[in-house]
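> Following the hints, put chain B in place on chain A, whose structure we already have.
Chains as they are written, first to last, in numbering that gives the first Met the number 0: chain A, 0 to 670; chain B, 0 to 701.
Source of the hints: derived by calculation from the structure; they are not laboratory data.
Being a predicted model, the structure only gives us computed values, none of them experimental.
Certain hints may be false.
Stated by the list, open to error - Below, computed lysine to any residue pairings styled on SDA-like, alpha-carbon distance capped at 25 angstroms:
id	chain 1	residue 1	chain 2	residue 2
1	B	391	A	205
2	A	60	A	44
3	B	335	A	633
4	A	60	A	108
5	B	391	A	631
6	A	368	B	339
7	A	534	B	649
8	A	561	B	384
9	B	384	A	631
10	A	606	B	412
Claimed, not checked - Part of the chain A face toward chain B, derived, beta carbon under 8 angstroms:
id	residue
11	11
12	389
13	395
14	396
15	421
16	422
17	425
Beta carbons are placed, not taken as given, at the ideal position from N, Cα and C, and that holds for glycine.
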Amino acid sequence: MLETLLPILIFSALALAALGASRRVRLWRQGRPSSVPILKGLAAMPRRYLVDLHHVVGRDKVMSNTHVATAGGFVAAAVLMILVHGLGLGSSESMGPILGGLLLAASAAMFVGSRFVARRRRNPPARLSRGPWMRLPRSLMAFSGGVFLATLPTLGLLPDDFGSGVLALMLAAVVVWGLGEMVFGMTWGGPMKHAFAGALHLAFHRRPERFSSKQGGRRSTGLKALDLDDETAPLGVGTPSDFTWNQLLGFDACVQCGRCEAVCPAFAAGQPLNPKKLIQDMVVGLSGGSDASYTGSPHPGKPVGEHYGTPYGPIVGLAGQALVDAETLWSCTTCRACVEECPMMIEHVDAIVDMRRHLTLERGQTPNKGAGVLDNLIATDNPGGFDPGSRLHWAADLNLPLMADVKQAEVLLWLGDGAFDMRNQRTLRALVKVLRVAEVEFAVLGTEERDSGDVARRLGDEATFQRLARRNIATLSKYRFQRIVTCDPHSFHVLGNEYGELAEPGIPAQYEVRHHSTFIAELYDAGRLAFAPWKGGRVTYHDPCYLGRYNGEYEAPRRVLKALGIELKEMERSGFRSRCCGGGGGAPITDIPGERRIPDMRMNDVKESGAGLVAVGCPQCTAMLEGVVDASAEVRDIAELVADALVEPPSVNATGSPREPVVKATAEEVL
Amino acid sequence: MAFDAIFEPIQIGTLTIRNRVVSTAHAEVYATDGGMTTERYVRYYAEKARGGCGLCICGGSSVVSIDSPQGWWSSVNLATDRIIPHFQNLADAVHRHGGKIMIQITHMGRRSRWDGFDWPTLLSPSGIREPVHRSTCKTIEEEEIWRIIGDFAQAARRAKEGGLDGVELSAVHQHLIDQFWSPRVNKREDQWGGSFENRMRFGMEVLKAVRAEVGDDFVVGMRICGDEFHPDGLSHDDMKQIAAYYDATGQVDFFGVIGSGCDTHNTLANVIPNMSYPPEPFLHLAAGIKAVVSVPVIHAQNIKDPNQAQRILEGGHVDLVGMTRAHIADPHLIAKIKMGQIDQIKQCVGANYCIDRQYQGLDVLCIQNAATSREYLGLPHIIEKSENPKRKVVVVGGGPGGMEAARVAAERGHDVTLFEVAEALGGQITIAAKAPNRDQIAGITRWYQLELARLNVDLRLGTRADEAALLDLRPDIVVLATGGQPFLSQRPEWGYSEESEESLVVSTWDILSGKVAPGKNVLIYDAICEFSGVSVADFLADKGAKVEIVTDDIKPGAAVGGTTFPTYYRSLYEKEVIMTSDLMLHKVYREGDGLVAVLENEYTGGLEERVVDQVVVENGVRPDEALYYALKEQSRNKGQLDLEALYAIQPQPCLGEERGEERGEERTEGGDGFLLFRLGDCTAPRNTHAAIYDALRLCKDF
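So that you can see chain A by itself, here it is in the shape it has in the complex (with noise of 0.2 angstroms):
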């Protein structure tokens, strides 16, 4: 019985999801086109899975097995299962006995990885949805266990009428159940729709170089421009069929893990935001509904169930609610925590840029100070609306070089718009003490700097962003330098990565850029600066997220407190992981209430170290650290932390040839 029974219940779980796979695909269809290579896509797919995705869930050993035996057992029992009951091969003299063990093997390790799996979901942490999920063990009991029961009888290690019995129409119903979660389930929703809809997202990813190869990967952390010339690209997003294709593809990737929720400074904070209600919401969207059956944590304060949308209709209500809350998406402070940790590779961060745009450009609705920032930047190109011709004003003793004096350097110093800023000011006098005892040949545009656009951008105001940008580039475009070296992580990623999109003919605008820690780094290893040995107490170091998740840089400032001398005490969430400061993606700004401050979670994570000090390389981490009340620890940038150490270096140069004297005709203190 079961062999007749079985290739009818395979083909018809495979064609119901075949058609479920062809409905799944209309959906995302009604996002905006993306242009994908399609056939490249699929081929490199293996590699993204096997490589990439794995590189982020092998961060926990346990899941990450569990995964490989229960999603290769799978993968293999699902093939073979299709070859032994679905085409028969299983009776054939010469393949049966080989496609039948390897199929009892196959299913045999996805068994064990269910059990996994299911002890998993016996005391499942917050950040796990529930629901369907906690079927999801049973279910792959119920496949596993069943093709092996099943393939049992094939070869003939039961009985052959043990087929025939009320224990085979049993049998038959745990296939079905089986059938139904991995094979129907998988195009038509429920927990396994992770497969079908990862493995695409994969291959259709909108950050393709994301990607390993096997030159080896890089970082894609940009955000994309919006096309402000093409008339009929809507500014940002503001229905879920305004997002691309392949990003609504993402989202329905989702397997609801929850690490996005547990690193988010924002969930922490009880603003409402969750990076996995967020994802949640936008496949609620792509079919339309409302969000009642989520079954994992809301976003905070926002019950569940209260939130509709439609693929076409709005996502922020213009009045009352929709799919998501506007100050949901202006709880975000881009820190990339969520796409770090994301198994599955999805960008939340595009998504909620993209959806701040629409709201900033379209709706003029950027909340709380939001708005008065981009009518300063629109209005005196920087943030503050500060007199733009009071750039230099703190450097007014320093005697800076002029790009428009000198017109080429070694290297051009980007100030940032924290040269406006009293405590900033005391990091730039002393990351130009550092270089002026280096010797280091630099320049300042001083006044005909603007901002980076990075807040605008990050703000949704794209075309401010554009504006600056391209202002900024046509500066640059007029003078020599090697390189770019900037105390501010964020003017670093925008400059070196955000700026090449928008380059012109004639006009590029790919830069080098380095942050200061990673040029006093390679200055310290050129023996062109000599410390005192360290006096102060412990220390620890703050990663800045746009230095850090951004650009991957985590070493350089650790390797200049070592050669400070310091020993670092390393926060628990530290590196990739670590905490962001709440300052970044204009947060500060918008301010959106929580429960806690972000900052204050950071400077207790700064007290748990037993640091004193907490050294950081962004004027943002430095504001928001310092407005800690009551704070346990010192701030302090590294580039002061170094100035404060300085001692004449080894004067001798390379060619042995004394060096100039320096006229000291500048301002030696820091202030």
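Just chain B, lined up with the frame of chain A:
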């Protein structure tokens, strides 16, 4: 950006100044080496530049000619090329920190003394005596005029060759240039007097000669008065005319403007307004000058607070603010604004201890900052954390000495407890602040309160420290700053008793603190002639009492400084307080409901009587030594200070002995491990500065 107006750089001539804050010219009295700038001088200005000050104009009344004597106020002598290398040191020290430095140059004419050094014949346009310095002078001759014009040019050359950034020609404070300007002093009928142009001629020739000598790439400014406040002197309109006249030459790079002339005691007090004045009282005069000139205007008079400076600059009244006394109180004023430590700025309270010392020919010191002008000795403005073991330091007494001791010890990183018997910190400052228009002196206490809170000093207010309580804390160091009590028991005939019901006399503290209600008809006997006597007279008169203040000294308030006694006198005369000299309080006795004070004339021995209802005696302070003697024998150092170390700003040797000892070792009963020091009035009555200086130089090495 907060304070953006302060931090907007400005161009003066060819020079860029990094911010709008200036330390204006004042006599430092530090050029003690025959008019050459000393290391002390250099370090004093380097500290201001290090602290962020934009422009320092040094050398108030630095002389250009040998007949304008330098020695009285140890001012800088630009009459010789010997000064040039000294200037180079000074300029380098300031430039290293990004500051700019200019010097004021002048010939003081009649405004000096002749009775010493070279015994010069002083000069002035018409030979009229100057009252403040009691100086007589000759009428200047044509040849001398041209010599002095040449001396100005040579002095400016020396400043330029020394690397300074500019010179300020003093045409203020009744120096020779404005002696020519003012019809009150210039009665000449030749080409140097009479008409406006003639009175202007000397200054104009000086300006032309200086500019010709230094060229265009060197700053030349003028400091002028905004109104002499004399009916026969230069009015504000006159000064506007003068400023516009010189400005029209295009040869002046800036004007510094000061309200008030100063050739009488009363007008002199306006020049450096003490705490009785409102903020920036003469800003309107500077603003008036700014309205008629085309170059930046600097104004300094009672600008002490960053917010005030920002407000003045933002309002566009002047281009730069002088915060000179503010920098004497805290040379790191600008740095603290930039560090976001505005609450940590030690603000000038207008006690005018600095300038009142200067008028006596003494070095300029700050009443509340003992490190100022002692940088060269190694006294720190910023106290570094100690590398020694953490100590338990107990300070007894919350007056200025005790507060400074607690602050410095806490900055050194020690565990500090401070006992104060009163409910608030301040000691005698609290009492002094009760007098009319003297409330700002409490600013000294306010700063310490903020600092001690910031430094987590354990404050035990309202708590009398006895021997047991002290030893219970197992201190490593005990600092006694317990002050003393009014010394009314010196003459039994005064009838003082500790039982207030029986005592015939009360103290100035009793009155000012409110412990004793003011009488209606009061005799104050002031044997000291400093602030307390005149303060209590002003206080009582303010409450409606009829007051006579009597002293056996020259005059009541005689020991109050030259910029402060005039404001007391203005108030006392207005309230019809009688000031009597040369009488000693012989005896007080009760007669009926009243009291009879018997006064004895110092010079005749004759007795006279006053029938009053209250006798207040100011006879200084008797040190409170009881706790000291209770602890002295138990202490490791027997309470003794090593004076050689103290005066040389070196650590007390006994600190080293203690340091060498094993810490945590079992101590014998009674905590006999502590060092004992005392400072301030509990040793001998001196003043606020003395107490703070002792505390700083002692505790900086804890």
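> For which of the previously enumerated hints does the structure constitute a violation, in increasing order of number?
1 and 11
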